[in-house]
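A.B. asks: Listed here are the chains, written in short residue letters.
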Amino acid sequence: MEIPRVELQGVSMNYHTPEGETAAVANLNLTIEKGEFLSLIGPSGCGKSTILALIVGLLNPTAGKVLVDGIPVSGTHSKIGFMPQRDQLFPWRTILQNVLIGFEARGKLTEDHRVKGRELLVKYGLGEFLHHFPHQLSGGMRQKAALIRTLVMDPEILLLDEPFSALDYQTRLSIADEVWKIIVNENKTTLLVTHDISEGISMSDRVAVLSKRPAHVKTVLTMTLSGERAPMARRKAPEFSGYFNTIWKELDVH
Amino acid sequence: MKKSLSISVKDISTEHSKFLSRIQREKRFIRLWQWSLLFLIFALWEWAARVNLIDSFITSQPSRIWATLVNLYLNGDLWRHIGLTLGETLAGFLSGTLLGALIAMALWWLPFAAKVLDPYLVILNALPKIAMGPILIVWIGNGPFAIVAMALLVSIIVTVISVYTGFIQTDTDKIYLLRAFGATKWKVFTKVVLPSNMANLVSALKINVGLSWVGVIVGEFLVSSGGLGYLIVYGGQVFQLDLVMASVIILCFLAALMYQSVLWVEKAMYRWRSG
Numbered sequence: 003m004e005i006p007r008v009e010l011q012g013v014s015m016n017y018h019t020p021e022g023e024t025a026a027v028a029n030l031n032l033t034i035e036k037g038e039f040l041s042l043i044g045p046s047g048c049g050k051s052t053i054l055a056l057i058v059g060l061l062n063p064t065a066g067k068v069l070v071d072g073i074p075v076s077g078t079h080s081k082i083g084f085m086p087q088r089d090q091l092f093p094w095r096t097i098l099q100n101v102l103i104g105f106e107a108r109g110k111l112t113e114d115h116r117v118k119g120r121e122l123l124v125k126y127g128l129g130e131f132l133h134h135f136p137h138q139l140s141g142g143m144r145q146k147a148a149l150i151r152t153l154v155m156d157p158e159i160l161l162l163d164e165p166f167s168a169l170d171y172q173t174r175l176s177i178a179d180e181v182w183k184i185i186v187n188e189n190k191t192t193l194l195v196t197h198d199i200s201e202g203i204s205m206s207d208r209v210a211v212l213s214k215r216p217a218h219v220k221t222v223l224t225m226t227l228s229g230e231r232a233p234m235a236r237r238k239a240p241e242f243s244g245y246f247n248t249i250w251k252e253l254d255v256h
Numbered sequence: 015m016k017k018s019l020s021i022s023v024k025d026i027s028t029e030h031s032k033f034l035s036r037i038q039r040e041k042r043f044i045r046l047w048q049w050s051l052l053f054l055i056f057a058l059w060e061w062a063a064r065v066n067l068i069d070s071f072i073t074s075q076p077s078r079i080w081a082t083l084v085n086l087y088l089n090g091d092l093w094r095h096i097g098l099t100l101g102e103t104l105a106g107f108l109s110g111t112l113l114g115a116l117i118a119m120a121l122w123w124l125p126f127a128a129k130v131l132d133p134y135l136v137i138l139n140a141l142p143k144i145a146m147g148p149i150l151i152v153w154i155g156n157g158p159f160a161i162v163a164m165a166l167l168v169s170i171i172v173t174v175i176s177v178y179t180g181f182i183q184t185d186t187d188k189i190y191l192l193r194a195f196g197a198t199k200w201k202v203f204t205k206v207v208l209p210s211n212m213a214n215l216v217s218a219l220k221i222n223v224g225l226s227w228v229g230v231i232v233g234e235f236l237v238s239s240g241g242l243g244y245l246i247v248y249g250g251q252v253f254q255l256d257l258v259m260a261s262v263i264i265l266c267f268l269a270a271l272m273y274q275s276v277l278w279v280e281k282a283m284y285r286w287r288s289g
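Quick mapping for you: the protein sequence lines, in order, are chains W and U.
Using this note's numbering, the first residue of the first sequence is number 3, and each one after it goes up by one.
Using this note's numbering, the first residue of the second sequence is number 15, and each one after it goes up by one.
Please keep in mind that the hints were generated in silico from the structure rather than gathered at the bench.
It is possible that some hints are incorrect.
Below, in silico cross-link-like pairs of lysine-lysine (DSS-like), each with a Cα-Cα straight-line distance of 25 Å or less [what the hints assert, rightly or not]:
| id | chain 1 | residue 1 | chain 2 | residue 2 |
| --- | --- | --- | --- | --- |
| 1 | U | Lys281 | W | Lys81 |
| 2 | W | Lys110 | U | Lys188 |
| 3 | W | Lys110 | U | Lys201 |
| 4 | W | Lys118 | U | Lys201 |
| 5 | W | Lys118 | U | Lys188 |
| 6 | U | Lys32 | W | Lys81 |
| 7 | U | Lys41 | W | Lys81 |
| 8 | U | Lys205 | W | Lys118 |
| 9 | U | Lys199 | W | Lys110 |
Pairwise CB distance ranges (calculated) [said to hold, decoys possible]:
| id | chain 1 | residue 1 | chain 2 | residue 2 | range |
| --- | --- | --- | --- | --- | --- |
| 10 | U | Leu268 | W | Thr19 | 50 to 56 Å |
| 11 | W | Asp170 | U | Pro125 | 35 to 41 Å |
| 12 | U | Pro142 | W | Pro74 | 56 to 62 Å |
| 13 | U | Lys199 | W | Arg208 | 36 to 42 Å |
| 14 | W | Thr24 | U | Leu124 | 25 to 31 Å |
Just so we're clear, the structure is a prediction, and the values are computed from it rather than from any experiment.
All C-beta atoms in this analysis are idealised placements derived from N, C-alpha and C, irrespective of residue type, glycine included.
So that you can see chain W by itself, here it is in the shape it has in the complex (with noise of 0.2 Å):
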């Protein structure tokens, strides 16, 4: 069997205050595949947060083990491309300094970097705006700019943080198509946290239904939708309706 690209195996995440004890995440066992594009969907607080911040080794685990390619984590590494909730790009830099900040961030910016940043924005129609500032692009472009950022770098896994939440409903629909469309293109494994149904269903292979804090999976369900792959065709597929009862059932609002 292939070693699963990220795999969290009883992963517990208890978090201390002055106050008390918070169990974030609780006995959570995941596994992403290679290749594979995977939702997080749960009620908003319920640590979805956390489970990014331990997969991109910014928190240990108080039990269990995150692996990635089988090894576990300890520590920020180059695997993983983390794409925050807004867009986070700097105001007092350009968009072509902005997606290099990475490469700043680990102290080695070079030539090479510089026309992979210029390509890659030019690429995906940012092209105009290399030495635009952020205010100056619409929500959408920025959120692209954003995606660039982490692309830049090469990872091969994406963790995606409601990158999307921030967005007008229509830019979000179209936004949502030219990212899933960017992702597939350059090949990367994706983990989605959204709470949004549609958008987990419409995006993903596979999607994961998290239970109220503590967090765990309530279930995993694969998307089979017929016709167009796409994002946005997929919203019309005749299954769609089928596994939105599904979801919302499973994250039991009230």
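Since chain W is already given, all that's left is putting chain U on it; use the hints.
C.D. replies: Chain U alone, transformed into the frame defined by chain W:
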């Protein structure tokens, strides 16, 4: 006016060019009023003194101030006093700001130290620094160094507190992003904390321009045998209001000049930030 209109004007509509020239006109109008107001105040002052509406022995008058300035210039003292005060102020301003910013950085770097030192900073901030004057004189002697120390003392605590507060309020999501990219603490500082605190640093500079003048003049009141603060105290003691007023006017001029320099520094800093 021509200069700002000629910025790549290919197809500026007449309406827009009218608008631009209107702003220009308004700007010049404001400038004109500013100078006129200054002239008016001095003219009124001079006139009131001449017709004995005010007692020029107490209020002095522009013509006598001018004569005092010329006199100071002729016997070579003017530049000595200006040079001394300006030098002390610059030294106090630069050392206070730099040291303050460095300490703020150290506190950001070492949260434990920041927690330990917090009450000390709060009390030092509340303490009127002028009360430290005699101590400084005993420790450092009654020369320019005590005055620089005074200026430093007045500005450093405020700098530490305001700059540090800005540092720790840096957007945590941006820091998180950089850390996810594998940034070291130093990279986090230089790539996010410092650039996002530019406005904060500039405002510390602006506040310190004022504070270091306060420190120096107070210092010169206490000790010193030269400088504008000395002239003011001396002039007051011998009831030479001409000398006091002349010194105050020079101070106004110098303070304005220094503030303008800070604005230049501000521009340079923003240019650095945007690469």
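A.B. asks: Each hint should be assessed against the structure and marked as holding or not.
C.D. replies: Structure-based check of each hint:
1. U:Lys281 to W:Lys81: violated, 40 Å
2. W:Lys110 to U:Lys188: Distance of about 19 Å is within 25 Å: holds.
3. W:Lys110 to U:Lys201: holds, 11 Å
4. W:Lys118 to U:Lys201: The hint holds at about 22 Å.
5. W:Lys118 to U:Lys188: holds, 23 Å
6. U:Lys32 to W:Lys81: violated, 58 Å
7. U:Lys41 to W:Lys81: violated, 57 Å
8. U:Lys205 to W:Lys118: holds, 21 Å
9. U:Lys199 to W:Lys110: With Cα atoms ~15 Å apart, lysine 199 (chain U) and lysine 110 (chain W) stay inside 25 Å; holds.
10. U:Leu268 to W:Thr19: 50 to 56 Å: This hint holds: roughly 53 Å between Cβ atoms.
11. W:Asp170 to U:Pro125: 35 to 41 Å: holds, 39 Å
12. U:Pro142 to W:Pro74: 56 to 62 Å: holds, 58 Å
13. U:Lys199 to W:Arg208: 36 to 42 Å: holds, 38 Å
14. W:Thr24 to U:Leu124: 25 to 31 Å: holds, 28 Å
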